[in-house]
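Protein chains: 2
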Amino acid sequence: MEDVTTEAAPTTAPPFFDVHIFVCCNRRPDGHPRGSCATRGSEALRDYMKARVKEAKIPHARVNMAGCLDRCEEGPTIVVYPEGVWYRYASEADIDEIVDSHLVNGRVVERLRI
Amino acid sequence: MEDVTTEAAPTTAPPFFDVHIFVCCNRRPDGHPRGSCATRGSEALRDYMKARVKEAKIPHARVNMAGCLDRCEEGPTIVVYPEGVWYRYASEADIDEIVDSHLVNGRVVERLRI
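First to last, the protein sequences are chains Z and P. Residues in the first sequence are numbered consecutively from 0, following numbering that gives the first Met the number 0. Residues in the second sequence are numbered consecutively from 0, following numbering that gives the first Met the number 0.
Source of the hints: derived by calculation from the structure; they are not laboratory data. You can trust all of the hints, since none of them are fake.
Just some of the chain P residues that point at chain Z, by a computed CB distance under 7 Å: (1) P14; (2) G66; (3) Y80.
We treat Cβ as the ideally placed atom computed from N, Cα and C, and that holds for glycine.
The task is simple: from the sequences and hints, build the whole structure.
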């Protein structure tokens, strides 16, 4: 049945989101050796990024909560799909730079890239 | 400073994950008009998919918990990046088909695609 229900490769349906940003909001207990993004402030900065993306009226963009992205030691982290560009960030200013440079103007922020 | 800290387009760094699957695990209260993926069983099926992907030894793949992916009415849903292929699923058999057909053999499962 495979030739009926499947096809050879990912196809050309338009993307549901043009920019899909996943913000790690995993929280480990205080003192955990790997740390976690939420204990480093990711939840508030996720909310900030959502507001900034909305304000910038970036079409078909979504800022999404995610569980552990498994780059804890480098966090807090986000990943921007479909490009697969990863960032660490530490402040609202970092989020502003990612939104304004990358999401609005298409320029990756190399200083925050991981 | 933009020419120092940024560059013109997403660049060629190898992807951290070759396949990054986000499983909506958002839970709304019972009776909410939009429903939610978790109330339709996504959490247990996420765990099942994680186990199946591990068992299949798919390299550089990660099954990730996600918050609301905003396609609640079609859920439970997952999205596979960087391809941006979306699925709805309802059972372990559906997950098996996505893992075996798409993730292992590169064939999108059209009957589950949304």
